[in-house]
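Engineer: Each chain, written out:
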Amino acid sequence: MTTIETEVKTSKRQLVIHDGLAFLALLAVTGVLFAVTLFLFKSFSAHRAQIALDSGEAGRVALAQGRPAEAIADLRTALSYAPNERSYQLLLAQALGEDGRGEEATNYFLNLWEQQPGDGFINLQLARLARQRNQMADAVNDYRASIFGSWTGDGVVHRRDVRLELADYLIEQKEFGPARTELMIAVSNAPPIPELSLALGERLLRAGDEADALKQYEKAFAEKPDYALAYERAGRLAYRMGDYGNARAWLEKALRESAGAPGDAAEPQGDTATLLKNSERLLALDPARAATRPDRVTRILNDRAIARKRLDACVKQAGSANTGTQAFDSLGPLAALAARWTAASADSSRDALMRNDASLDLVRGLTDDTEDLTAQVCGAPTGDDALLLLLAHRATHY
Amino acid sequence: MEAATVIEENVAPVIKEAGQSPAEIAPAREERLFLLLSIFIGVISGLLVVSFRMAIDWLSVLLLGPSPAPRQPRLVFVPALAGIAIALLTRYVFPMVRGSGVNQTKAALYISNGYISIRTVIGKFLLSALAIGSGHSLGPEDPSLQIGAGVASLISRKMGLSREKLRIFAPVGAAAGLAAAFNAPISAILFVIEEVIGQWSAGVLGSIVLAAVASVVVARSFWGSEPMFRIPTITALDSRELLAYAVLGLVGGVASLVFAKSLGYLRPRLRAMPAWSQLLQPCLAGLLVGGIGYFGLPQVMGAGYEAMDQAMHGQFAFKILILLAIFKIVATTLSFSSGTPGGMFAPTLFIGAMLGAAIGSFEKHYIHDLTGSTGSYALVGMGVLFAAFLRAPLTSVFMVLEVSGNYSVILPVILANTIAYLISRVLQPVPIFELFTHQDGLYLPSMEEQREEKADLHFEDALGPIGVPVFKGSESLVDARKSVTEAFENSDATAALVQCRDAAWYAATRKELEAIFAAMTEIQDTKQTLEDSLGPDRTPIMFPDQPLASALPYFRRWPLLPISNRAMRGALEGVLSQADVIRRYQGM
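Chains as they are written, first to last, in numbering that gives the first Met the number 0: chain A, 0 to 397; chain B, 0 to 587.
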């Protein structure tokens, strides 16, 4: 073996050692660098997470306290440190909407919607934003998507609330038919919760469905027998529907129950009490409520006397207040009515009324017409005249 | 690296004493080390890039606060003060850290044999982190690319590799750095090939891939699999939306043009100013960029990834998106032209994302039938600006595909990118990185030009008719002598073609043939054919579609080259002479 060959061999060996050591050194450097980076990264991540948490909480509080602009800034910060935190995303979108930044909020929610098109909350927020933009079709579609969407927590309650909100919106838009449909679906799925029944009744009433509304009120106080507000609402509605018997009973009950829990329902001295008095008086005045014919005749005669007084007072009032053409215009119908009174006097004795149904109808018609005409000529009546006018109108409508 | 230094100091002299270089002692050593070192380069680059991003985020929180918002005074004074520090450090401590890092890496590759100093790597890391963290409108990707290249340069130097390998390692490290910064290995590999090396080279591709994948694995072990921003849901494409994407391509092309023109105008003017004023330029740029943030658009400060994420998730209104795109162009032009170290990738992606989201948002609000997501537009917008401004069309397409992980955007990406790229090419013929090198007095190879040159001339472009005598190789020498003598009497040709067996050809000079005939004997001529007397060598079989330049080495041996038909064995399309090739290259 020559000297050169030996040197080359030695050099090769040294080169292998060199490379081996170099790789070991590289490995050591890589390991140290990795450990240092990992330590820094953990500290860095923890700090970021804390910033996200603090900012997110601040945003949540600001939104709850009605400071959406501050909430937006805080939530944006939170999201820049925890971009995938869904609760912050939803809160931010909500805050944007509440801050009047409709376009941004819509964009944000649309984007969230693209990720989760079946999310009930996102669809609800989109519906509200569409409402703000007066895009009824979009709003209704989004409400429906929200109702059929997925919800975290109690989905049944969320879906019902959204359905009621949709019904409110439809009522607001005068779409009473679809609103009633939504409400009836809600009614059919509603659990026995008196407050819910009452709320459903209120909405049905606003949607023009008095009969179903009354059923809900009845359901409400059936579920909670001391529910003064439900009695009061039912009493009012019954009064409005001409069912003065039930009106009196429920209003009485409302006042009685609310006396035990002041502030819970109608005030005894307020409107409810007046309605109760009116109900009682109407029951006394209404000939249709008479149990016997003599009683009926008595009521008709009593009503006739009240109407006659009203006519006389009205003629006098019209005669003194108007002159010339005006007087002629107002007194003319009154004179014609007075003539009818004179013509009917022969048939309006108690005996005649006891014998003849046609006479009963004639006198009752005259009473109704008198209250109606005097209300037009002399202004809205009060007291028994007002109640008679109410009875007159009900007779016309039913 | 201390251990490596010790080894370098102790072992290398012994090797040198043997009178031979390591490459000579162990020829296969470098090849063996190459792939293993690539993995180390990838891992270390990945770790450094993770640290670099952390440094940026830490500095941002420390200097600008966790939630930068308009009307915060520090938005103005922090970038300005950081600008002063950056200017002083750049001038007196780290003079090589100016610029983005892409051109510096190319310069290292083409001028200084892949050498990037450790000081440059440290300076790039620190000053870029300070610049971006303090709110200068620049990005971390290009510095990451240079940091990776620097790591590769350092490791390969310490391993005592040859000059050739040192040069190759720079792009390997660059790919690793960029891959970790982007969290997208394919895009990084393509960018380095498209913009730094300029060509596909089998020798280096394996190493680049290994390093890029290793660095991305490291980066993902820290940051997770998502890139710098969350990828939005990509909805199925409605073909009518292609029109909107075409508009995006148009708008992106124009925006990239404005951006490039602004940089091309301001940068040389600021660099031509007196030296003392250059110390103030980063400060002034910081003041102006901070002013933009102070008066309402803090999103334009820094790299802007959060804003990109928000744009992609539809969190900005149309007008804000347009304003952000415009002011990002302004802010980046100021920051970059002032010599503040930092990259152009993130601002480019930012502008693209804003423009894309603006078009997506517009479409969503005014054309209800179309349901394309804003995020898809923002994503395509990024690719559009990448293609048009950085002039890396292939990378731009793959970047969007890789980042989105969704193949359904391919059509819009190609359409929009092509439109933007063409607009940019027509109206701004010199790519931006090349423009910067020219402004710096360097003339690095233009990758765009190289790409086009590659598709240049082929044999068919210089092919001439067969104007020389053609002989049959199967003729006996006596017959052949007659044919040759007659042919050359009627022609001034100096060469001839001999058709041999197996569809092969032999291009012979006249002198060569005359020498054969002069040496022939009477016994020979009855038995020996012309073909036999030419020996075993045959002219290589070549076809018209081969690159013209590849013909040149053959003219040392052959007077002309017969060009064969690919369909008919042995049939010729024409012949090629050295004069024909040179004439073609001279454009005659």
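Hints in this document: simulated from the structure, not taken from any laboratory. Quantities reported herein were computed from a predicted structural model and do not represent experimental measurements. Glycine included, C-beta positions come from ideal geometry on N, C-alpha and C. Among the hints, a few may not be true.
[As the list claims (entries may be wrong)] If the Cβ cut is set under 7 angstroms, some of the chain A residues that face chain B in the computed set are:
1) L25
2) L32
3) F38
4) S42
5) F43
6) A72
7) S79
8) E102
9) E103
10) L109
11) N110
12) S149
13) T151
14) L372
[As the list claims (entries may be wrong)] Cross-link-like lysine-lysine pairs, in silico, BS3-like; alpha carbons within 27 angstroms at most:
15) A:K11 - B:K157
16) B:K260 - B:K318
17) B:K510 - B:K481
18) B:K157 - A:K8
19) A:K173 - A:K223
Engineer: Are the hints correct? Go through all of them and say.
Structural biologist: Tested hints:
no., hint, verdict
1, L25, "5 angstroms, holds"
2, L32, "5 angstroms, holds"
3, F38, "11 angstroms, violated"
4, S42, "9 angstroms, violated"
5, F43, "5 angstroms, holds"
6, A72, "6 angstroms, holds"
7, S79, "4 angstroms, holds"
8, E102, "4 angstroms, holds"
9, E103, "5 angstroms, holds"
10, L109, "6 angstroms, holds"
11, N110, "4 angstroms, holds"
12, S149, "17 angstroms, violated"
13, T151, "20 angstroms, violated"
14, L372, "58 angstroms, violated"
15, A:K11 - B:K157, "18 angstroms, holds"
16, B:K260 - B:K318, "24 angstroms, holds"
17, B:K510 - B:K481, "15 angstroms, holds"
18, B:K157 - A:K8, "22 angstroms, holds"
19, A:K173 - A:K223, "32 angstroms, violated"
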